[in-house]
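K.L.:
Listed below are the residues making up each chain.
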Amino acid sequence: KAGVTQTPRYLIKTRGQQVTLSCSPISGHRSVSWYQQTPGQGLQFLFEYFSETQRNKGNFPGRFSGRQFSNSRSEMNVSTLELGDSALYLCASSFRTLLRQGNEQFFGPGTRLTVL
Amino acid sequence: LAKTTQPISMDSYEGQEVNITCSHNNIATNDYITWYQQFPSQGPRFIIQGYKTKVTNEVASLFIPADRKSSTLSLPRVSLSDTAVYYCLVGDGGQNFVFGPGTRLSVLP
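Sequences listed follow chains A and B, in order.
Residue numbers for the first sequence, in our numbering: 3 to 118.
Residue numbers for the second sequence, in our numbering: 271 to 379.
Don't take each hint at face value.
[What the hints assert, rightly or not] Short derived list, chain B residues pointing at chain A, Cβ under 8 Å:
| id | residue |
| --- | --- |
| 1 | Gln312 |
| 2 | Gly313 |
| 3 | Arg315 |
| 4 | Phe316 |
| 5 | Gln319 |
| 6 | Gly363 |
| 7 | Gln365 |
| 8 | Asn366 |
| 9 | Phe367 |
| 10 | Pro371 |
| 11 | Gly372 |
For the record, the hints were derived by calculation from the structure and aren't laboratory data.
Every value quoted in this text rests on a predicted model; they were computed, and no experiment measured them.
Built from N, CA and C at the ideal position, the CB exists for glycine as well.
Please model the complete structure; the sequences and the hints are all you need to start from.
P.N.:
Have a look at this one:
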C-alpha cells in the first residue's frame, strides 16, 4: 500500500511570506503528526491531528498551524516566515493517536523549506 | 519538562551487538518509549516501541528498567546497512513529544 506522501518536496520562500505544506497519510490512518528537523535543534514535534481534531501540540509559536480534513489529509501552515523556519518538515501517519496507545508512526520523505 | 539525552555517536564493527541508551528522567507514567532509525535524506523509520521491561521484534530489542528513566536499544549483529542516526522519542507528560538528540552509529567492516 502507498506510503505517506508530502508535497511539495522542496520550497523556497522569502521572509514574511506564508507557506502551506500538505501531507497524505497511509490509507486507513487517522492520525497525522508534523515535525520540524534542523541541524541545530534536531527533530521537534509540532502537532498531531486525529479525526480532524488537534490532539497534541509542541512548543511552537502560533505562526505554526495545521488542520486535517475528513479524508485524513493534513496541511500545515506557517505564517510570517522567518529565516529560522528553514528546515525539513516531516509528517507521519499512524492508525491510532500517538505514543500513549502504543502506536507505530510512518514518516513521509519531508518537505525541505528554505527561507531567504 | 521532558529532556532526553543520548550519546552523540558510536562506532561498531560488523557482526557486533550495539547498545544505545537514552535517558529520559521525566517520562510520564503512561507514556511509551519509541526508537527510530533515520538515513540521510529520508524520514525516520520505526524500529521498536515499549512501555516497560523488555520488548523484542525481528530487528531489535528494547530494555526498559523498572523506573523507566532510561531505555536501551539493542541491535544484534549489526551490518554496514545499519549505519544511520538513531533517535528515542518520549512524551513529556503533557501534549508534547520529545526526541533525543540522536546517536550517529557508524558500522565499520
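K.L.:
State for each hint whether it applies.
P.N.:
Here is how each hint holds up against the structure:
This hint holds: glutamine 312 (chain B) has a C-beta 7 Å from the nearest C-beta of chain A, less than the 8 Å allowed. Hint on glycine 313 (chain B) holds. Least Cβ distance to chain A is approximately 3 Å, under the 8 Å limit. Annotation: arginine 315 (chain B) was flagged as interfacial toward chain A, and the flag holds, the nearest CB pair being 7 Å apart, inside 8 Å. Nearest Cβ of chain A to the Cβ of phenylalanine 316 (chain B): about 5 Å, under the 8 Å cut. The hint holds.
Residue-level restraint check for glutamine 319 (chain B) holds (minimum Cβ-Cβ distance to chain A is 6 Å; threshold 8 Å). The beta carbon of glycine 363 (chain B) comes no nearer than 10 Å to any beta carbon in chain A, farther than 8 Å, and the hint placing it at the interface is violated. Evaluation of the glutamine 365 (chain B) hint against chain A yields a held restraint, the C-beta minimum of about 4 Å falling below 8 Å. The beta carbon of asparagine 366 (chain B) comes within 5 Å of a beta carbon in chain A, closer than 8 Å, and the hint placing it at the interface holds.
Interface restraint check: phenylalanine 367 (chain B) against chain A, minimum CB-CB distance 4 Å, threshold 8 Å, status holds. Hint on proline 371 (chain B) holds. Least Cβ distance to chain A is approximately 5 Å, under the 8 Å limit. Interface restraint check for glycine 372 (chain B): the shortest CB-CB distance to chain A comes to about 6 Å, inside 8 Å, so the restraint holds.
When the structure is compared with the earlier hints, a violation turns up for hint 6 alone.
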